[in-house]
Amino acid sequence: MKNFLLFLLFAACSDGFAGAVRAATINSALADLRAVGLEGSGNAKASTSWKDLAAADAKALPKILSAMDGANDLALNWLRSAVDSIAARTLKNGGKLPIAALEKFIHDTKHNPRARRLAYELVTGVNPDAAPKLLSKMLDDPSTELRRDAVQRVMDEAGRLSKAGRNTDATGSYETALRSARDVDQIDGIAKELKALGMPVDLPKVFGWLTQWKVIGPFDSTSGAGFEKVYPPEERIDFKAEFDGKKGMVRWQEVAAKGDYGIVDFNKPCGELKEVAGYASTEVNSDKARPVELRMGCENAWKVWLNGKLIFGHEEYHRMTEIDQYRMPVELKPGSNTILVKVCQNQQVEDWTKAWEFQLRITDALGTPVTFAKH
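Numbering (the working numbering), first residue to last: 9 to 383.
Simulated from the structure, these hints should not be mistaken for laboratory data. Just so it is clear, CB atoms sit at the ideal spot from N, CA and C, and this is done for glycine as well. Treat each hint with caution, since some may be false.
With a straight-line cut-off of 30 angstroms between C-alpha atoms, the simulated DSS-like cross-links for lysine-lysine are [said to hold, decoys possible]:
no., residue 1, residue 2
1, K254, K266
2, K341, K311
3, K222, K254
4, K282, K222
5, K67, K213
6, K237, K203
7, K254, K276
Simulated restraints, written as ranges between beta carbons of each label pair [unchecked claim]:
no., residue 1, residue 2, range
8, K71, V134, 17 to 23 angstroms
9, R244, D81, 35 to 41 angstroms
10, F251, R298, 31 to 37 angstroms
11, N51, V134, 45 to 51 angstroms
Can you build the whole structure from these sequences, using the hints too?
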């Protein structure tokens, strides 16, 4: 009996020790995968550690998903692959995923949005009926992917209400979806449906375009030289000043962005010219210092400055313009903030190259427009 008790004690200790080893192995593997860097840094070690991690029990999934918090994009790829491997193996072998723990993870908005989306896919992959309940709480989710699905769910319901002739209810549902929508295709789709229901949408307000600008030009950009050439507006903005332009003296003119998509068109005040450069400036008044994104769309070569500091530029001509084509994280200061945009035209003369324009808005990282006391 004494020997048997000793055997049980040894077995219990051995199981506990094995469990500790497994936990230590997972922790070590996670550290190795999170350490992966650019140009292959850490990949060899990560490859071995990934095999250890992918062999873990499904109960480790929430821990692996949590490791995605703050990880770089390369590490995220390794971690996601491990999650996919564990889930696929578990389900293939007739096992179960830790659904309750995964749902708890999904509801914790402090976690990485991609990790939460992955957890959502695991849960709804096993139980599709869980989707409506989960999405019902995600209309204002910080994960753009989860929010998109939540918005689509409301849009679909609005469509069903509209087909049933319940136009008032359909309008209410579409308006709910519009308040939460951040993806351009969804916003456009909702606006189309609301217009059909007799409720046109103020798209410039929804997108938050900067609409009031002062424009000056044209300056010379023969052979593309104007993109790098420093003209006076880059050195100092003086709205009362006049300068030598490509075709005589030029001065600042007030221009309002046009249409639903906030297009600032240089052709109207400056003329339909080629091999030219123009500048546009506006001011926003922020009540506090805050991180924001300048979101730009332009099919010409362009540069953007904030408060006299060059933020970014891109020298390419006549590619298709897209909303939020370029996203530039910046910090607004309290009070007045000055934005300067330079847009250049090249030498091409085909009809499809006539556009000399841009669109710009200021949003948070999710794409929610930031409103200002003064613009």
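Results of checking the hints against the structure:
1. Of the supplied pair hints, the one linking K254 and K266 holds, its CA atoms being roughly 25 angstroms apart against a limit of 30 angstroms.
2. Restraint check for K341 and K311: satisfied, since their Cα atoms lie roughly 20 angstroms apart, inside the 30 angstroms limit.
3. Our distance criterion of 30 angstroms between C-alpha atoms is met by K222 and K254, whose separation comes to about 18 angstroms.
4. Straight-line distance between C-alpha atoms of K282 and K222 comes to about 21 angstroms, which keeps the hinted pair within the 30 angstroms bound.
5. In summary, the hint linking K67 to K213 is not supported, as the alpha carbons are separated by about 47 angstroms, beyond the 30 angstroms threshold.
6. Proximity of K237 to K203 is assessed by CA-CA distance (about 46 angstroms); at most 30 angstroms being required, the pair is judged violated.
7. Pair hint K254 plus K276 holds up; C-alpha atoms about 16 angstroms apart against a cutoff of 30 angstroms.
8. For the pair K71 and V134, the supplied restraint of 17 to 23 angstroms holds, since their beta-carbon distance comes to about 19 angstroms.
9. In this structure the hint that R244 and D81 lie 35 to 41 angstroms apart at CB holds, the actual value being about 40 angstroms.
10. Checked against the hint of 31 to 37 angstroms, the pair F251 and R298 passes, with Cβ atoms roughly 34 angstroms apart.
11. Between N51 and V134 the CB atoms are about 32 angstroms apart, so this pair departs from the stated range of 45 to 51 angstroms.
When held up to the earlier numbered hints, the structure conflicts with 5, 6, 11 and fits the remainder.
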